[in-house]
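Visitor: What follows is each chain in one-letter form.
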Amino acid sequence: MAERMQSCNLSEHNFEQCTKCSICTTVCPVAAVTTDYPGPKQAGPDGERYRLKDPAYYDKALKLCLNCKRCEVACPSGVHIADIIQHARMRATLGKKASLRDTMLANTDLLGTMANLVAPVANATLGLSPTKLVMDSVMAIDKHRTFPAYSRQKFTTWYKRHAAKEQDAYRNHVSYFHGCYVNYNFPKLGQDLVKIMNAVGYGVHLLDKEQCCGVALIANGLYKQAKRQAHTNIDNIRKAVNTDHRTVIATSSSCTFNMRDEYPSMLGIDNADVRDNINLATRFIYNLVDEEKIKLVFKQDYKRRIAYHTACHMQRMGWQLFSIELLRMIPGLDLQVLEQECCGISGTYGFKKENYERSQAIGAALFKSIEEAQVEAVATDCETCKWQIEMSTSLPVENPISVLADALDVEATRQANGIK
Amino acid sequence: MRMDTVIIGGGLSGLSCGIALAKRGKRVTIVASGQSTMLFNGGSMELLGHIDGKAVTNPLEAIATLPQSHPYSKIGADRIAELTERAKLMLTDSGINMVGNAAANHWRITPMGVAKPAWLTLSDHLRIDDLNSLPAKRLALMCIRGYFDQPNAMLAQGLRELGFEVDTIEFTTDDITALRRSPSEMRATSLSKHLMSNNALRRVADQINTLATDADMVLLPSVLGQNDDSDIQTLQSMTNKPLRLVATLPPAVAGMRMMKQLRHYFKMLGGNYLMGDSAVSGTFEGDRLVSISTAKLADMPLKADNFVLASGSFISRGLIADYERVYEPVLGVDVDADSNPDAWTSFGVLQPQAYSRYGVATDDQLHCLKQGKPVSNLYAIGSILSGHDAVKMGDGTGVSLMTALAVNDLIIKK
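Listed in order, the protein sequences are those of chains A and B. Residue 247 is where the first sequence starts when you use this note's numbering, and the numbers rise one by one after that. Residue 9 is where the second sequence starts when you use this note's numbering, and the numbers rise one by one after that.
Here chain B stands alone, though its shape is the one from the complex:
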């Protein structure tokens, strides 16, 4: 089967690149081995959060100071401003409503109540533009009885440290109580499915309106709206106070929603999305990748003019570490990683870890390298790239979006 472009990996970067290409009329197939790490995303995109442990206020300026090995530098720091605008547009076209400014980070709130710099946040999630001017004085933190993926005490403490007055209010409804029969399923994504009907939302609104009388803003764990934001809007219309959602521990409804919206948009544009299949090998001829084979298409390889490797980092198995080496398992392309396993990690799980900067090696046009030579029609995008650190630098989602659009441009220009 022949496509214009085949993308290995169906997460944020793969889908963004796929959407951009499909929009230009290209025939695109994405091979996605299961759901992606977007299910861990609490509703924000980061461009650049920290450099050497210090919070970044203006990402666009800070990006210009990054070393040449960083994916942003390979794209060209001067292009990032334009790409952020296009990324925002693509998200809006997919139905994802986010707010933010690439030249001025705002703060998102983690499930543990910590404020972290962010570029974009879903419009219905709590966002603080300026720590000296909070969006509300007194918050009602609604805590769902029997729901353990929101550490309420820590979250409330964190919010108080930011300067909010916080009332923690426990509540439940018949729908929520019924769900507690299966405690292992008492999760954000299940709650969002059981709180979809107007009646179920009305019962939540009744609780909020009765219990949260003193606050000027109501915070609800992000357990609503796994398909779009209509359930949240419905609840807001039934509630007499401004309502914001706050991220929960994963699996996260916000990430699930964004994933579904991107996937839906990609399919609308005519893209093929092969969920649950995985690329297993590639056939190279000279400096080109000719085709890839997948586990399920078996004897029918996917041929294409261009290929994009967007299979993620270690957690998504885009990279594998065994007892001797770090490698890329599908195409065997070159990897930037220390050859000595002792250098991969340092003691203390919260310390910067060398392995989180490992990834596939690319030239300045994001071509993958094989035995040191660039493969002319194979690009790498997103978390699989070396030279960035999603955990310590807060640049994971940004690298996914920016490299996806940059590679789209390279392919279109060919």
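Isolated chain A (complex conformation):
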């Protein structure tokens, strides 16, 4: 009996499966650029053995972890190394108050709501060097960072004015989790998605209520607020799935990953009943084409050469294949898939003054490979990778959905799918 017990893994996060092979240390982007961080093996399973004995063994350097999950992807034994580290951080910071800076950075939707109201002023002010200097010294937000520009009109406002009323007329329907970035910074991506989905006969609807998915809240230790927002989102997703019978799709890989995988593992929220219905737009569309439920027709004179960057969380989800294969359907597109490297921004991490240099050093290899790829643009499914790459290279970055929308012959596609 005792022998048989050993074949079961009793620990959380597959902790006991660690064979101390050190392979995780070879892919950690943080340990590669600083000696302040002890690396995933020491911070994760090795440190956990000590912390289990006495929580006082907690090492503050764990806050340097990006939570990029590359260690988990590399682990041949299936140990959830990053989850071990994040849970140790959570235990150590529980009940402590986050700083004003961290709270501000983490509340992407609050910041967005305020900034949208005064977008021209906010964009101008956030771009001014005196403002940047004040943020740098008072708020510890690095002065080299450019805040993504805020849009004058929110995506949801555009949607209600220009798109909402025609959506019911379509045969099929999806709900769209737009996320903060589409809503406050870049409504065009949401508009691109509506354009594609409508052309293939799908009406696009919003959730009754959507809050920021909370990925930044978790990263900044604001667990209570993250949990509250996660409950709101899952409740509304549940209604869309169960009552309206709609799959929920998102254009952000980080929102998708967070709602599917971090809600249960980091926040203890059971999403098992709806998890399969939280999907990434590229995967959803690829699947429809693959099952011959829809047809995509592309512009005949379209020609572009772009590179695809696999965001770390996208790789953790394992879905880059769908974005890549969807892009490969475009006849005029020459796609170069880049070696997977971390860009270094990891959401709000790179915005913090104490992380700026590290963040840029982490991304250096990726930036170099992008500059050398001789492409016109980079495609990636993550908006924070986009900011980082656009700031650090000479190239524009687009979501694969926007690339697809640009290459699509909308009229021909509508006809091919029998849409008037």
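Derived by calculation from the structure, the hints in this document are not laboratory data. Quick caveat: nothing in here was measured; it's all calculated off a predicted structure. Positions of the beta carbon are idealized from the N, C-alpha and C atoms, including for glycine. There could be a bad hint or two in this list.
Estimated spans, in silico, between C-beta atoms of each pair [what the hints assert, rightly or not]: (1) B/GLU93 <-> A/LYS614: 29 to 37 angstroms; (2) A/LYS614 <-> B/ASP371: 45 to 53 angstroms; (3) A/ASP481 <-> B/ASP307: 20 to 28 angstroms; (4) B/PHE48 <-> A/LYS406: 54 to 62 angstroms; (5) A/GLU258 <-> B/ASP307: 20 to 28 angstroms.
Given chain A, put chain B in place with the hints provided.
Guide: Just chain B, lined up with the frame of chain A:
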């Protein structure tokens, strides 16, 4: 999702087969559950190192004497010479520069200072073609202060026994000292990341040029060049003596470099590499495998005309042993293994172990068997195959490369 070929396993065999197929224009997806055992490779490929404990001098000749159960015999001993040439070409195309001859083994040096027969060795690593004619008389063995994955005393002793004069020279630079703050990260792969800039390499070269004055060859632990060999070439250009690298304990930079180069080449050819996903099951129809499911693609199975099982041996979980049996966990194909667990091992960890010859059963065309019958579109390659012994015969990397290319040919010919 439909592919021409789906390969389960992203190590040396899976990638080699994937590259060969992608080169012929096939749509290939590799499912790789984490990094592979290539991270334990110190920079050499072996074709056949030992038979019954005796070192092999001419692998091509020795292969002809192997039993029919050995993967080389299934491919056909007469085909190996041609396949070795193609494997070498594929490595070169990937940017991996190796030296060696399939008809005459040379010697590689293990981290413990033991000379072992090898077929190919990275051109910048120490290689001895003839033990009676060493490439240098006096070696400066550069030992990095605070770096423990190179057992210097044993290595020096081993080199002396081979006939070298050896000076062990301890050194450090500011970059290396800074890295010692995190002793758990003082590893070859971390060193290689911190020794990438010209300035960092210049500081290493200064140490070598100052300290290694008496030697006619400088040996440095293999802690440089995890992306390609440019850092080593840069250091060589700054150093006034011939420079060679010598393998360290894992994780090994040389293996990491080769892995990255193969993966990069595979992606350049349009292959999909799903890192961190794992195949969980397959759907069979008649004598064919129709699709496999993976943990992350979930409800979207990967369909293909052909499948290749390249998931490795026990260490990579291509094979599993519990308290009762040895089995292949993904597709449940037949395994060649003793049914009595007492027969799996023998006392003494360095003794030949029966389990290291266990693996999936195949017919003469490397088709996997399921309940004794061949699956017509499912092949096994690399370490998961039964009938060879990477530890005692020194045929692991060779079997990976040869079977990968042989299965490529079978698939292309169909």
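Visitor: Look at each hint and say if it fits the structure.
Guide: Okay, the hints, checked on the actual structure:
no., hint, verdict
1, B/GLU93 <-> A/LYS614: 29 to 37 angstroms, "34 angstroms, holds"
2, A/LYS614 <-> B/ASP371: 45 to 53 angstroms, "48 angstroms, holds"
3, A/ASP481 <-> B/ASP307: 20 to 28 angstroms, "24 angstroms, holds"
4, B/PHE48 <-> A/LYS406: 54 to 62 angstroms, "58 angstroms, holds"
5, A/GLU258 <-> B/ASP307: 20 to 28 angstroms, "26 angstroms, holds"
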